[in-house]
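**Q** Sequence:
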Amino acid sequence: MVITDQLIAYKTINNLLKQCKTIKQIHQLHAHFITTGLLSLNPCHNQSKILIAVTTIKPTSSSTNLLSYAVSVFNSIPNPSTFCFNTIIRAHTLLSSPLNALLFFSQMRSVSVPPDFHSFPFVLKACSQLGSLSSAQTIHSQALKIGFVSDLFVSNSLIHIYSVSHRLRDALYMFDESSHRDVVSYNALIDGCVKSGDVAKARELFDKMPFRDSVSWGTLVSGYAKSGLCKEAIQLFHEMELNIRPDNIALVSALSACAQLGELECGKRIHDYIQESRIRVDSFLSTGLVDFYAKCGYIEIAIEIFESSQDKNLCTWNAMLVGLAMHGHGQLLLDYFSRMINAGVEPDGVTFLGVLAGCSHAGLVDEARKLFDKMESVYGVSRELKHYGCMADLLGRADLIKEAMDMINKMPMSGDVSVWSGLLGGCRIHGNVEIAVQAADHVMELKPEDGGVYKMMADLYADAERWEDVVKIRTCMDAGKVKKIAGCSLIQLNGVMHEFVAGDDLHPQTDDIYVVLNAIGKHQNEPC
DNA sequence: ATAGGGTTAG
Numbered sequence: 035m036v037i038t039d040q041l042i043a044y045k046t047i048n049n050l051l052k053q054c055k056t057i058k059q060i061h062q063l064h065a066h067f068i069t070t071g072l073l074s075l076n077p078c079h080n081q082s083k084i085l086i087a088v089t090t091i092k093p094t095s096s097s098t099n100l101l102s103y104a105v106s107v108f109n110s111i112p113n114p115s116t117f118c119f120n121t122i123i124r125a126h127t128l129l130s131s132p133l134n135a136l137l138f139f140s141q142m143r144s145v146s147v148p149p150d151f152h153s154f155p156f157v158l159k160a161c162s163q164l165g166s167l168s169s170a171q172t173i174h175s176q177a178l179k180i181g182f183v184s185d186l187f188v189s190n191s192l193i194h195i196y197s198v199s200h201r202l203r204d205a206l207y208m209f210d211e212s213s214h215r216d217v218v219s220y221n222a223l224i225d226g227c228v229k230s231g232d233v234a235k236a237r238e239l240f241d242k243m244p245f246r247d248s249v250s251w252g253t254l255v256s257g258y259a260k261s262g263l264c265k266e267a268i269q270l271f272h273e274m275e276l277n278i279r280p281d282n283i284a285l286v287s288a289l290s291a292c293a294q295l296g297e298l299e300c301g302k303r304i305h306d307y308i309q310e311s312r313i314r315v316d317s318f319l320s321t322g323l324v325d326f327y328a329k330c331g332y333i334e335i336a337i338e339i340f341e342s343s344q345d346k347n348l349c350t351w352n353a354m355l356v357g358l359a360m361h362g363h364g365q366l367l368l369d370y371f372s373r374m375i376n377a378g379v380e381p382d383g384v385t386f387l388g389v390l391a392g393c394s395h396a397g398l399v400d401e402a403r404k405l406f407d408k409m410e411s412v413y414g415v416s417r418e419l420k421h422y423g424c425m426a427d428l429l430g431r432a433d434l435i436k437e438a439m440d441m442i443n444k445m446p447m448s449g450d451v452s453v454w455s456g457l458l459g460g461c462r463i464h465g466n467v468e469i470a471v472q473a474a475d476h477v478m479e480l481k482p483e484d485g486g487v488y489k490m491m492a493d494l495y496a497d498a499e500r501w502e503d504v505v506k507i508r509t510c511m512d513a514g515k516v517k518k519i520a521g522c523s524l525i526q527l528n529g530v531m532h533e534f535v536a537g538d539d540l541h542p543q544t545d546d547i548y549v550v551l552n553a554i555g556k557h558q559n560e561p562c
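Going by this note's numbering, the first residue of the first sequence is number 35, and it counts up by one from there.
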């Protein structure tokens, strides 16, 4: 190779491009490229280097500027090569503009620039970002025609898109058909099994794969946690610790399992591990920790972690709000909600579930009504059945049964079990038999196997001394169909799990527990 | 230059 001044300048600029942190720096280098004539040396290749540099910039406010710059660079290339097209498609997938990525791909096809084995993974990623299975199928057929499906990256991209589109059979087909598979093929398919609800199949693949990396472990731990198999999730996490260093993703999933189960000791150990290993607490981990401590009863620690967290996202805020709601801290929750809005975080449906549930528990009726009104008009969050359910519960508790009934009648959709059960709960508290009968009819129609309604109606009639009706209800219950699912709760104390089922007396300290419970009950009835 | 796993609610 002949070392020329031009080559040195080219290499320097190439390295400088890689180090660019801002769009301004790229502009300067781009200008330099033009003025020194280096751009004309190999225009297609060098312009693409600029495009690649653009995509490595961390988007600050919006990626729109970066993309429009990238497009203008692309448009200045007279006859873009495959490499150029790949780069502009890649830029759009990286900066979350998948539709445009697909449009560039179709432009590429229409001007007969042949795609290569780099093109397909980019384009398929755009399909998965769009959630468009049909586009993926089209791309798949093109890849098949040109003969790229045997490429490992292409076939893995296809396994992935079919997995996330809940097309497990297609994902399995791709997996079985691919001549060579690697750990990524297995991981993508394991995720597909999890997403299609077949955790057993996921486990089977996990057990038989020749090599497992942290993604394999993390996928299955989170799969178990999401499928409600929390004990399995924690067990697998412990097994993982013996084999490989858990990363943030595995830690988050394990924390979620601990939170769901109330596994205080296990979750604390994870927290200790995070601190000892000086793991950077990202927004996912802070969410996991806040949720975990809140669910295990330690709302103060949850608040502490939330406040000290450097990295919060919508879920972190939601976990905090839901935690405060669970603990009955209604006023504090409203303060946090305002802080969230002021911080520029856009609330979603979960946010409002937390806020409304919190108001309900704290009896903050006016506040809830106002926020419920503003949900769509001010915050642009659509009011779903769950939110109406919260309102029915809140109004019912506050003895505003008529208002709750009016709300339900005016709803744009028909009420579901949660809405009518919410209203029924209010009727039960305030002894409103008439409305209770209507609400109960709806619940029984929508969920005939629900035993709770019958129990509630029996109690209501008993309070109203309508004994004949009590007998009728009991007869219905005994007649079958009704599943009596007993309420149950778990609490861990000093490392021992205590389990209670409604009405049981199996705990060794049952008598003592009831003495305290009765005392609390009496205390609650006394005026504060 | 290309492929895979994460948190909140229900």
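None of these hints come from the bench; they were simulated from the model. Certain hints may be false.
Stated by the list, open to error - Here are the simulated lysine to aspartate or glutamate pairs, EDC-like style, with alpha carbons at most 16 Å apart:
1. Lys235 with Glu275
2. Lys265 with Asp316
3. Lys481 with Glu437
4. Lys229 with Glu275
5. Lys346 with Glu299
6. Lys302 with Glu334
7. Lys404 with Asp450
8. Lys506 with Asp545
9. Lys444 with Glu418
10. Lys420 with Asp450
Predicted model, so just to flag it, every value in this text is computed and none were measured.
**Q** For every hint, state whether the structure bears it out.
**A** A quick look at each hint next to the structure:
1. Lys235 with Glu275: Violated, at about 23 Å.
2. Lys265 with Asp316: violated, 25 Å
3. Lys481 with Glu437: The hint is violated at about 24 Å.
4. Lys229 with Glu275: violated, 24 Å
5. Lys346 with Glu299: violated, 25 Å
6. Lys302 with Glu334: Satisfied, since the Cα-Cα distance of roughly 15 Å is no more than 16 Å.
7. Lys404 with Asp450: violated, 23 Å
8. Lys506 with Asp545: Status violated; Cα separation ~33 Å.
9. Lys444 with Glu418: The hint holds at about 13 Å.
10. Lys420 with Asp450: Since the Cα atoms of lysine 420 and aspartate 450 sit roughly 9 Å apart, the hinted pair holds (cutoff 16 Å).
The structure is inconsistent with the numbered hints 1, 2, 3, 4, 5, 7 and 8, although it conforms to all the rest.
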